[in-house]
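Undergrad: Below, each chain spelled out in residue letters.
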Amino acid sequence: MEYHLPARYLADLPPGIGPSPAMIADACRALKANRARHLAWRSTESIIEFLAELARNWLNPAFRFRQLAMAPSQSESGFSPQTIAVGLDRFFSQLTVENLKAWLVQDFGLLPQFNQMVLDRTSPVSRRAACVRTPELIVHFTAGTLPVPALMSMVSGLLLGAAQFVKCSSAPGAALLPRLFAHSIHEADPGLGSCVELAVWPGGNESLEAALFEHADCVTASGSDETIRDIQTRVPLHVRFVPYRHRVSFSFLAREALSRDAIRTTARLAAADVAAWDQLGCLSPHVIYAEAGGEHSAKEFAEVLAAELDALESQQPRGAVPPEIATAIAGRRVVYQVRAANAGHTMLWQSAGSTAWTVVFEEDPQFQISCLHRFVYVKGVSNLAEALRAAAMVRHSVSTVGVAAPEHRFSQIALELARWGVPRVCPLGKMQTPPVQWRHDGRPALLDLVWWTDCEMD
Amino acid sequence: MSTHALDLIAEKVLRFIAEMEPSAACTAHSAEVQAAPREHGSCPNPAGSVPWAVTASAKRRTQTPGFDALALELFALQFEYNPSYRAYCEQVGRTPATVRSWDEIPAVHTDSFKDFEMTCIPAGMRTCVFRSSGTTAGARSRHFHSDRSLRVYREAFTGWFFAHVVPEWWSAAGDAPGSLKLVPVVLTPPPAEAPDSSLAHMLGTVAELLAPEHTMYFAHPDAGGGWALDLPGLRTVLGELEAGGMPAVVLAPAYALVQLCEWLRTQGQTVRLAPGSRIMETGGYKGRVRAIPRAEFYRLLVDMLGVPVDMIISEYGMCEISSQAYDHAVSPGAAPGAAPSSTETIHAALTSRWFHFPPWVRACAISPESGQPAAPGQPGMLRVLDLANVYSVCCVLTSDVVLERGGWFQLLGRNPNAQPRGCSLMMV
Chain B
-3 MEYHLPARYL ADLPPGIGPS PAMIADACRA LKANRARHLA WRSTESIIEF
47 LAELARNWLN PAFRFRQLAM APSQSESGFS PQTIAVGLDR FFSQLTVENL
97 KAWLVQDFGL LPQFNQMVLD RTSPVSRRAA CVRTPELIVH FTAGTLPVPA
147 LMSMVSGLLL GAAQFVKCSS APGAALLPRL FAHSIHEADP GLGSCVELAV
197 WPGGNESLEA ALFEHADCVT ASGSDETIRD IQTRVPLHVR FVPYRHRVSF
247 SFLAREALSR DAIRTTARLA AADVAAWDQL GCLSPHVIYA EAGGEHSAKE
297 FAEVLAAELD ALESQQPRGA VPPEIATAIA GRRVVYQVRA ANAGHTMLWQ
347 SAGSTAWTVV FEEDPQFQIS CLHRFVYVKG VSNLAEALRA AAMVRHSVST
397 VGVAAPEHRF SQIALELARW GVPRVCPLGK MQTPPVQWRH DGRPALLDLV
447 WWTDCEMD
Chain G
25 MSTHALDLIA EKVLRFIAEM EPSAACTAHS AEVQAAPREH GSCPNPAGSV
75 PWAVTASAKR RTQTPGFDAL ALELFALQFE YNPSYRAYCE QVGRTPATVR
125 SWDEIPAVHT DSFKDFEMTC IPAGMRTCVF RSSGTTAGAR SRHFHSDRSL
175 RVYREAFTGW FFAHVVPEWW SAAGDAPGSL KLVPVVLTPP PAEAPDSSLA
225 HMLGTVAELL APEHTMYFAH PDAGGGWALD LPGLRTVLGE LEAGGMPAVV
275 LAPAYALVQL CEWLRTQGQT VRLAPGSRIM ETGGYKGRVR AIPRAEFYRL
325 LVDMLGVPVD MIISEYGMCE ISSQAYDHAV SPGAAPGAAP SSTETIHAAL
375 TSRWFHFPPW VRACAISPES GQPAAPGQPG MLRVLDLANV YSVCCVLTSD
425 VVLERGGWFQ LLGRNPNAQP RGCSLMMV
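So the sequence lines, in the order shown, correspond to chains B and G. Sequential numbering of the first sequence, starting at -3, is according to this note's numbering. Sequential numbering of the second sequence, starting at 25, is according to this note's numbering.
Think of the hints as simulated: they come from the structure by calculation, not from any bench. Remember, predicted model here, so these are calculated numbers, not experimental data. Just so you know, even glycine gets a beta-carbon here, dropped at the ideal spot from N, CA and C. Be careful, since some hints might not be right.
Some residues of chain B that are not near chain G, with every Cβ distance over 12 angstroms (derived) [what the hints assert, rightly or not]:
1. P17
2. F104
3. E296
4. G417
Example chain G residues on the side facing chain B (calculated, C-beta under 7 angstroms, incomplete) [what the hints assert, rightly or not]:
5. S108
6. E393
7. P403
Using the sequences and the accompanying hints, generate a full structural model.
TA: Take a look at the structure:
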């Protein structure tokens, strides 16, 4: 095996050798048995300690699995080692004891005792108790090449003391980091490691997936609306189903962020958001809206952003892309160049000799879906309201809005975004660094995976 | 404003096209490419039945006499008469003053035909506009034509079509039309019903040339703006041709053929077209039918229509380019050999096919990263310099990823198992 990892998980099998429905069923039975033996009785605190320790290891450059994550050639995962390093640092630095506890308290009101009948102290008159029942086996359908969602799924499952089966995307390199993470769990604690299974197959394989649905009591699914609908029709109705639809994100720059003093910093932060995971996440901005009335215009900001993306390319290069992606970028560039040549309402900046980064300024505020891989639009708007009108087409699919604004305006902007329906607002530069307890798509991530048994005592 | 200067160069291009038809023949495409060493463009000794030579001279591609000069002259005129193109050339600093050879002429992406009127023809002189087939809700490319430009277009597509699909037409030249006893079966609407389709125009034109009395059309525009196939009517006619032993020349978009074959399958019927029948398929599935690998598609044609693989030709073209490329030429005189019939052997046969434009076109794979010609063996974006695009833009960049060798190219399709990267609504 090329990464000197034992073939422990189904995803470790050589490409072309996929699991059979019988293997899936066996894996599910084993996962449940292992959970009963190694995980179900463990306190949440001990799991938190375990995860925090594991995260500290992942932050250590000498950690074997981190080194393996960075070692392969660019074409494997599609991300440069520097991009992976930044992404892993941001993710694992969130996994601290304090943050994990805070997450549980946020969702459950206090540190929960799972699968125990606990008296409800809030009930003033009648005596009530409740049992938070956690899933026995969660199946995660993950999509795309970003590892973070798959890692978060595994963290959530462990916190709930659930066994889990992670079906990774069959896109090249998508399973690598999830596999390394699972192996690192196993190395630190084989019992816990045996409560996780990973596998890869092209989605929509009904016989393999039927085997999963027979054993799982909870299913999470990330992907296109078509994928989600398809999975949902096959998941039994009694099984808890949690969909995570594809999302887009954008940024909003208040005019103060475009002042002479601030514009460079604003551009640097925006570039960081674009470069994180090569702009491939749901949290990555497709469009940056720049408010008019500042010392610099949106077009001037676009030029400064281009310079920052260029500088960032040497520190954190964009990964190699397959010919279809490079072609899409190159084709789009030529189209915008012709527009730019014919009128001033479009302007284009691009990396020389490569498709590494592209900035397109357009006067028309209409939201544009980017071809990604560090291809970003900058558009000028009079105010936030105009940006939101222009983004109406993606209103139901927005994840994050990154905001650059002075303190006295930030809250107001955030409130306006919240009322419009945005599930997450954050400072510019932090779009791909949500805190571990963020409400994914506006829903509490852990709460969505559990059930209550209510018990009236009298 | 007139197009006089362009009309003059159009005459030169027409002469150039006419000169490119010596009687020396060329073998089938796959043999030519395999036989040719790394040396670009050399054509092996002729032995087959295609009368259209890729000029038997070793001077192809860069060295065809007159091509370079004609391309530069055309570029200078398009720079002058096509304002949106001129603005682009000035912006990228490649103008007639600075461009020294045909491969420096700036290429416009096909999508720019949606944004701009990429034409040298003044509005008052436009008699026709071809639009790309719109499958997504959005703008469609427009390629404007005048009577003169249509004449160039017809010359560009006619000879090259017959050389590959009905080479017998050349030997029958001088005989009465229709004497070849080949019945055109066209799965696009008659040109009059689809005036904005370059494909309908082309297929209608060649079919009427081949057999004016017998051409039959089986597609008609429907209420939704697409084309509906008259499947029962088509089935009846194919049955009659089969019964009468009359060979058919089926000219069709790929998706229409898939629709036909799948319909036949649901009816539990097959057709056995007479020997000498052939199929020219073009275009992709356009999202109208399930996407199937090409070998499977050809297997379907073999099984459901009885046409052997070596009588099936693929055509590559688009509304923004006047000339077409073909990946095969039929050899109707050749003795029928063991025709590949399993999907695997069909796949093997198809992988040896390469598309080829006529001699007044240069095709090149461009690296999307560097913008320069792709390294040998490396995929690139197909860029085409078509002299027949006299009145618009001669140099066009497509988003088709190809492998190219000496001007011959293979389309590299999307990996059907590839999933979208990241977690986003990527639309390109």
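Undergrad: State for each hint whether it applies.
TA: Hint-by-hint comparison with the structure:
1. P17: holds, 20 angstroms
2. F104: Fine: 27 angstroms to the nearest Cβ keeps B/F104 off the interface.
3. E296: Correct as stated: the minimum Cβ-Cβ distance to chain G is 20 angstroms, above 12 angstroms.
4. G417: Fine: 17 angstroms to the nearest Cβ keeps B/G417 off the interface.
5. S108: With a closest approach of 5 angstroms, the G/S108 hint holds.
6. E393: The hint holds - G/E393 has a Cβ within 7 angstroms of chain B, the shortest such distance being about 5 angstroms.
7. P403: holds, 4 angstroms
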